[in-house]
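Chemist: Each protein sequence line maps, in turn, to chains A and B.
Heads up, the first sequence is in the working numbering, so the first residue is 489 and it goes up one at a time.
Heads up, the second sequence is in the working numbering, so the first residue is 2 and it goes up one at a time.
The set of hints was computed from the structure by calculation and includes no laboratory data.
Do not rely on the hints blindly, as some may be mistaken.
[Unchecked claim] So, partial list: chain B residues that the calculated Cβ filter (under 8 Å) puts toward chain A:
#1 I18
#2 D24
#3 I46
#4 A49
In this text, a Cβ means the ideal position worked out from N, Cα and C, and glycines have one as well.
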Amino acid sequence: MSRLDLQARQDIAQQESDESLMLAYGKGDARAFDRLYQRHKVMVYRYFIRHNLSTAVAEELCHDTWLKVIKARQGYQANALFRTFLFTIARRLLMDYSSKKSTQLEQPLAAEVEQVQTSNAWGEDRVKNQLLQQALIQQIARLPFEQREVFLLKQEAGFSIEQIATITYQHKEKVKSCWRYALKKIRTGLGAYVE
Amino acid sequence: MSNKTDDKSLEQDEAFIDALYDDLSQAPSPDSSLEEPSVELDNKILAAAHKAVGAKPKLVVKAKAKKPAFTWFKPIASAASLILVVSLVLKQGEPPVINEMTSQPGIDATVKKESQQAAEQFVMEQQAAPQAVVRRPESAGQISQQMVARQRALAPQASLTPAAKEKKTLARVKIDGSQDLLTAELAAVSDRQVAAPLEKDKRQISVKIRALEEQEYLAYRKQNLAWSWVEESSDAYVIDVMLKDEVRRFLLAKKKFRLPIEKENKTGLLRFELIQYLDKP
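Produce the complete structure using the sequences and hints provided.
Modeler: Below, the structure is given as structure tokens:
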């Protein structure tokens, strides 16, 4: 590969990065936002759903998160990752929501497990995987909020400990401790499902 | 020692979770829509994003489009105005070229032709009788000046236009059986039109007038031809008789003829039976 081709590929990769897309949207390119949204919409939605929120609440928080991104388009600066910027907004909205309506946060887990068991008409391996997935979701939901938040940001969104510390405005060692406890609880809870 | 044990335990826990997520990601989900936002939410967010940036570019384009149009229009308009003013000033310096004949209002083609004929006749008379009046040889400039003066003298003939109008009006009249009478009337009008200007310039046209003979009177009375009054003197009348092909002017001695000349008869056509022959044969 020639040097020119390498440079061209790097330019393309640079153009396709989240940060360049957000800057382009800030200058009026609506298609850049379309691509950004397609990349991160599921991750943001799962972040809310995994906090054991109803579908309606998760969609409402998703909507508010992306509207805040739209409003902040002109003031956005590529000093950090776009994902850090995005999940900082999402987390703040989640915190506001949980402080206002703390009673509506939790959803009965027994109903979900029952739903999986009754709708199962698949093969043995598929049933096993589905049960394992549901058990994982239950174990995540049972985590304390701080541990759950760190676990979701690390495992679902792919952030590092340092990035999570930035998003959650916490010390790195505390984040690492939360991560450690969250993993141990989940592994213990899933012991019955994993050989 | 305990830190090493904790780090080893953490690594095992991370490996367990990673393996679990790999297995779950490869396995098909019974309802993947539960893990994604709805289409309605997608459309709502994307519409808001497009609306937010939709109005801004239009304003920028509009402001840029107006500016260059104004900058090139102003100097071109100024240059066009300057050229127009200079050309008008230069045009005013030139002498006016005005044809005296064509500048006279009301002169139609007939009058122009007559004027030209009169001028030509004047020149011919000057050339034909050089002995009668001793004159110095005239230069071309003098002759042309005389012709122009002559034409100016004839220009008032434009006042004949009422007669010409009368002729045109008569020509428009529908002919219903009395074609001869109408033709005669047209001829009379034509004669009056020609005769009137010639009174002022008798050299131009000489009208043949002769005395009406007894034989002619009888023949015309028999045909009951039309005639019109021209003028009257102390001892004679002058009338125009409307023949089929021409109009003849006759002198009727008052000793021999009596004409019922009244005011209203001096303008219209009369019949020959009204003429009384006094000296009956």
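Chemist: So, for every hint listed, does it hold in this structure?
Modeler: To see whether the hints hold, each was checked on the structure:
1. I18: Result: holds, 6 Å to nearest chain A Cβ.
2. D24: Since chain A brings a Cβ to about 7 Å from B/D24, closer than 8 Å, the hint holds.
3. I46: Constraint on B/I46 satisfied, holds at 5 Å.
4. A49: Because about 6 Å separates B/A49 from the closest Cβ in chain A, which is inside the 8 Å limit, the hint holds.
Taken one by one, the earlier hints all hold for this structure without exception.
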